[in-house]
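2 protein chains.
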Amino acid sequence: MTGSHIDTVRTGGKYDGNLGVLAGLEVIQTCQENNIIPERPLAVAFFTNEEGARFAPDMFGSLVFVGGMDVETALDTVGIDGARVGDELERIGYNGATPCPAHAPHAFVELHIEQGPVLEQQGIVIGAVTGVQGISWQEVTIAGQSNHAGTTPMALRHDPAYAAANIAVFLRDLATRYGGNQVCTVGKIDLHPNLINVVPAKAVLTLDIRNTEEALLQKAEAEVLEHLRQLESSEGISITTRQLARFEPVVFDERIVSLIESLAIENNHSVMRLPSGAGHDAQMLARVCPTAMIFVPSVDGISHNPAEHTDDHDLEAGANLLLHTMLTLCALETIA
Amino acid sequence: MTGSHIDTVRTGGKYDGNLGVLAGLEVIQTCQENNIIPERPLAVAFFTNEEGARFAPDMFGSLVFVGGMDVETALDTVGIDGARVGDELERIGYNGATPCPAHAPHAFVELHIEQGPVLEQQGIVIGAVTGVQGISWQEVTIAGQSNHAGTTPMALRHDPAYAAANIAVFLRDLATRYGGNQVCTVGKIDLHPNLINVVPAKAVLTLDIRNTEEALLQKAEAEVLEHLRQLESSEGISITTRQLARFEPVVFDERIVSLIESLAIENNHSVMRLPSGAGHDAQMLARVCPTAMIFVPSVDGISHNPAEHTDDHDLEAGANLLLHTMLTLCALETIA
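As you go down the protein sequences, you meet chains A and B in turn. Just so we're aligned, residue 300 is where the first sequence starts under the numbering used here, counting upward by one. Just so we're aligned, residue 300 is where the second sequence starts under the numbering used here, counting upward by one.
Because the hints were derived from the structure by calculation, they are not lab data.
Part of the chain A face toward chain B, derived, beta carbon under 7 Å:
#	residue
1	Pro416
2	His447
3	Met453
4	Tyr461
5	Ala464
6	Lys487
7	Leu490
8	Gly576
We treat Cβ as the ideally placed atom computed from N, Cα and C, and that holds for glycine.
With the sequences and hints as input, model every part of the structure.
Given below as structure tokens:
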């Protein structure tokens with residue numbers, strides 16, 4: 300019953316933008332067409348609001364499913380357009396009656412494009428995902444003294460733009476020092492008034508710090524905080540921080556990660572282990588059952604962009620590996 | 300005929316926002332009220348478009364007066380609202396017929412608030428302005444690779460936000476190394492798309508570099524350019540620069556600067572020499588006649604802001620010193 304006995308899933312570019320769900324449906328279809336009766340029931344999961352672009356927080360559908368949030372709280376969430384989740388689900392006919400938290404599955408596997416450049420750069424088709432990086436998001440607001448750029452000697456400045464730049468450089472240095480899976484990003488900087496000849500009065504910037512190790516994430520956060528305190532003192536500025544998001548790293552089930560690796564090799568696909576830098580519903584399911592993910596390459600690592608693309612043969616390899624992984628997991632009495 | 304024989308100018312806060320012109324008119328009024336006939340004619344100058352907020356470049360009124368720009372070119376200048384200078388001067392009745400360049404005056408002195416914090420910090424009432432800093436304005440555009448902040452390892456990034464921060468920190472270090480009158484400012488940074496979890500595709504920032512020594516200004520510009528070339532190479536990004544403004548430093552007339560110093564002391568005012576970090580019409584007049592400026596303190600160094608303020612006794616000290624300086628200059632056969 301392991302995959303090599305059955306037909307492969309047929310793809311052809313039709314997964315663009317929804318690989319996990321469509322490949323899941325093809326797994327079911329392939330079982331039906333081949334008269335395969337899995338030893339445990341197979342289901343495809345569609346979770347509401349994975350991205351979180353309209354309703355915060357992201358991934359609350361799977362969070363409610365596993366009991367991490369009350370269903371009422373989720374339904375009462377109001378989006379950036381003022382709409383209420385419950386009303387919108389009612390309107391589109393998706394306000395189901397199944398109680399939450401629901402029964403925990405025997406196992407959960409999510410197929411996804413990598414959304415990063417690692418597999419492509421390494422020339423590898425399958426990523427056996429070891430877990431999801433922990434995420435620390437902070438907004439940093441720096442208040443200084445607005446002044447004339449020509450008439451204010453350097454020693455008398457309290458310059459939030461310099462402080463913002465200093466913090467961004469500090470974060471890069473921190474990521475280099477830590478190495479490994481540590482990533483740090485300053486993607487947003489807003490200066491006020493943002494004029495060529497004015498030392499700004501205020502700067503607001505965001506810090507995105509991620510690591511697969513919770514201890515290293517906490518160490519990075521503490522180092523950043525200490526650096527901000529030093530900058531306040533040396534520059535004569537005031538710095539406040541606001542936590543925008545904080546998720547601990549998630550470690551996937553070693554048994555399933557190994558299974559994905561060995562099935563990939565059995566099916567003649569190159570494979571490597573790697574963590575996910577982005578959040579996925581699988582990290583919520585990992586709270587209640589053995590869970591892992593399969594990645595396939597993203598061309599140029601581009602994602603959340605119309606230019607996002609994965610080659611057909613990689614999509615097909617991923618869908619086939621999902622099929623083989625699910626059928627193997629269905630046949631296992633327990634996942635040790 | 301030097302100042303100590305005549306009444307002081309009477310002020311009382313009424314100079315706010317227009318010290319030079321109003322004090323100039325009071326100098327004339329004081330001469331008339333005291334039956335003083337200066338040995339040379341005294342005139343108060345009002346130059347169009349000193350600030351340049353609507354029509355570029357700034358200070359073109361005085362530039363035309365001294366022959367640095369054709370009057371036709373100035374009149375044909377179109378502003379940010381689409382209006383033409385000549386039409387607007389006609390409309391308000393200020394399109395005069397005096398040919399330009401006009402006759403050079405015997406001497407020119409401009410009274411102004413400092414617009415910076417130096418006099419107030421030093422507890423000094425009168426600034427004898429030695430010249431105007433040279434200005435180099437550049438816009439720097441950095442093109443990199445937009446990527447997911449979680450899934451893109453540090454080593455695979457081409458991050459324009461980091462490069463912008465690196466440049467701002469480099470500029471601060473350069474100003475510290477040079478010391479003296481060197482000032483450097485990054486007042487404007489725009490990231491695209493400017494989102495917390497996206498390594499930006501592009502950054503645009505401005506560099507404002509000023510020094511009283513042209514040789515040091517050129518050295519700073521060359522160092523910055525070399526640093527940008529190194530960053531392009533080390534970060535795998537593309538950097539282009541556009542010059543937005545470039546003025547050489549202006550040195551005021553030593554004879555008049557000394558006169559302002561000695562008259563300040565004679566009138567029991569504390570005085571110090573300092574350069575102007577901002578541009579003024581006096582720097583255009585310095586091309587054709589002996590020129591200098593008098594500064595009075597700006598509270599907190601604030602300028603171009605509704606909170607701009609100079610204490611009444613400082614306004615009065617400046618206006619009186621202007622009176623004494625002008626009467627002395629009128630009495631001098633030549634300014635050696």
